[in-house]
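Colleague: In order, the protein sequence lines correspond to chains A and B. What the first sequence shows, in numbering that gives the first Met the number 0, is residues 0 to 245, in sequence order. What the second sequence shows, in numbering that gives the first Met the number 0, is residues 0 to 245, in sequence order.
Mixed in with the good hints there might be a few duds.
Heads up, the list lumps identical chains together, so a pair's fine if it works in one copy or across two of them.
[As the list claims (entries may be wrong)] With a cut-off of at most 27 Å between alpha-carbon atoms, the simulated DSSO-like pairs for lysine-lysine come out as follows:
1) Lys231 - Lys221
2) Lys166 - Lys122
3) Lys231 - Lys201
4) Lys91 - Lys122
5) Lys92 - Lys221
6) Lys92 - Lys31
7) Lys91 - Lys221
8) Lys122 - Lys221
9) Lys31 - Lys201
10) Lys122 - Lys92
11) Lys122 - Lys224
Since the hints were made in silico from the structure, they are not lab data.
Chain residues, written in single-letter form:
Protein chains: 2
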Amino acid sequence: MTYGIGMKTDSGLLFMSDTRTNAGVDNISTFKKMFTWAIDGQSVITILAAGNLATTQSLISILNGFGDNQVAPGVDLLNQPSMFELAQLIGKKLRGIIQSNSDNGQTANSSFHTTLIMGGQIKGDEPRVFMIYPEGNFIEVSIDNPFFQIGETKYGKPILIRAFDPKMSFSDGLKLMLLSFDSTIEANLSVAPPLDFQIYEKDSFTLGANGRIEADDPYYRKISKGWSLALKSAFQSMPNLIIKNK
Amino acid sequence: MTYGIGMKTDSGLLFMSDTRTNAGVDNISTFKKMFTWAIDGQSVITILAAGNLATTQSLISILNGFGDNQVAPGVDLLNQPSMFELAQLIGKKLRGIIQSNSDNGQTANSSFHTTLIMGGQIKGDEPRVFMIYPEGNFIEVSIDNPFFQIGETKYGKPILIRAFDPKMSFSDGLKLMLLSFDSTIEANLSVAPPLDFQIYEKDSFTLGANGRIEADDPYYRKISKGWSLALKSAFQSMPNLIIKNK
Numbered sequence: 000m001t002y003g004i005g006m007k008t009d010s011g012l013l014f015m016s017d018t019r020t021n022a023g024v025d026n027i028s029t030f031k032k033m034f035t036w037a038i039d040g041q042s043v044i045t046i047l048a049a050g051n052l053a054t055t056q057s058l059i060s061i062l063n064g065f066g067d068n069q070v071a072p073g074v075d076l077l078n079q080p081s082m083f084e085l086a087q088l089i090g091k092k093l094r095g096i097i098q099s100n101s102d103n104g105q106t107a108n109s110s111f112h113t114t115l116i117m118g119g120q121i122k123g124d125e126p127r128v129f130m131i132y133p134e135g136n137f138i139e140v141s142i143d144n145p146f147f148q149i150g151e152t153k154y155g156k157p158i159l160i161r162a163f164d165p166k167m168s169f170s171d172g173l174k175l176m177l178l179s180f181d182s183t184i185e186a187n188l189s190v191a192p193p194l195d196f197q198i199y200e201k202d203s204f205t206l207g208a209n210g211r212i213e214a215d216d217p218y219y220r221k222i223s224k225g226w227s228l229a230l231k232s233a234f235q236s237m238p239n240l241i242i243k244n245k
Numbered sequence: 000m001t002y003g004i005g006m007k008t009d010s011g012l013l014f015m016s017d018t019r020t021n022a023g024v025d026n027i028s029t030f031k032k033m034f035t036w037a038i039d040g041q042s043v044i045t046i047l048a049a050g051n052l053a054t055t056q057s058l059i060s061i062l063n064g065f066g067d068n069q070v071a072p073g074v075d076l077l078n079q080p081s082m083f084e085l086a087q088l089i090g091k092k093l094r095g096i097i098q099s100n101s102d103n104g105q106t107a108n109s110s111f112h113t114t115l116i117m118g119g120q121i122k123g124d125e126p127r128v129f130m131i132y133p134e135g136n137f138i139e140v141s142i143d144n145p146f147f148q149i150g151e152t153k154y155g156k157p158i159l160i161r162a163f164d165p166k167m168s169f170s171d172g173l174k175l176m177l178l179s180f181d182s183t184i185e186a187n188l189s190v191a192p193p194l195d196f197q198i199y200e201k202d203s204f205t206l207g208a209n210g211r212i213e214a215d216d217p218y219y220r221k222i223s224k225g226w227s228l229a230l231k232s233a234f235q236s237m238p239n240l241i242i243k244n245k
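Chain A with its partners taken away, still in its complex shape (with noise of 0.2 Å):
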């Protein structure tokens, strides 16, 4: 399983993911599931996977331009005219491999499915961020709907969906995107640390901060730890109900 969140406020995107790739739980490793590519004043981008994690891998290598007679990496990704194009090519791409395996005489095709977060910014157009399907369709994000999530989702959604704020600066966002990993981490073992973020600032078009924060992190342990206390003193201040007996 796989945990990916990816918002835009008015200051720009947010992208975070999980690295745990697990084949059964006696199967477990690291895999990076989010990258991104950019050419400095002209286009910035990044994806998210959750999904199998072949089809994962052959999309970002055909995106990168092997098996395509290509040599620059990444060229046809970073030279689309509008975000919009980028999600229709990246679509194609994706539900080309996907078909690829399922014709091979293999029946379930649902099991070579990866979803996708894709967002960035490319001049001349706005920064937007998008989910893309197995099938090649995808949605984008709006002012109802500032964010989404792949994988697994609705442990952390709660606090997503009560303390999102378009107005957030980055590093308030980065510590929601935070604590909606820390809900899920704590109820699924097939989510787990060391967690990746990406962050890019509205029309920068350059990668802003990144990093990767590990399970004994200081502030990640802080925000663990502190969430729970801080949860427990707002259960606490709650009113009670006076219960009549029967």
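Following the hints, put chain B in place on chain A, whose structure we already have.
Modeller: Same frame as chain A, now just chain B:
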């Protein structure tokens, strides 16, 4: 969909379930999913059900003695020597109903499935809570796992994990269950009030406080609204990460 919780604290047992059933989003009804039986001074039993409504209603009718040439409702149920034997009896009847539907030439027998939370106390035994699977087997709550959830369990689990305390009072337990329901209701349209609750005080051998919390219940509105604010202020109280650019 459905959401139900059964939990065991040092003081006794608490149960809560929603009342929404749906066959597609355009066919929504309100049905009670919580059932109680009691003989004062002898045994008290509560069952929550999530799954196929026809299976649930068959089971409850059979447990009430219909279709078995029995006349007194719930006699079999209330006269078991222990909670373990009661769980065995209910599991067997549940499996029987699902099998008899599947045998009828229907292939997708998973669509007849119902999962139960069953708890209570029988004179001479401890208060116990079981989760009974459609296959008829079951597991019991333990110190490490003091509550069971059925139905749409994920959205409401993080707060249960964080705030559950075996020493909590009934009114704290009820508040916790309401908050867990509120997180779920905010995220999933197919879980909705009114919410039924039932409390059983350890060694009382009589039904405890119970009732139905409507969507416009003042306490529920206050908790739901207050929790949003409390979460936001807990979120603000968490320290911010200093983001180093690049």
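Colleague: Which of the listed hints are not met by the structure?
Modeller: 5, 7, 8, 11
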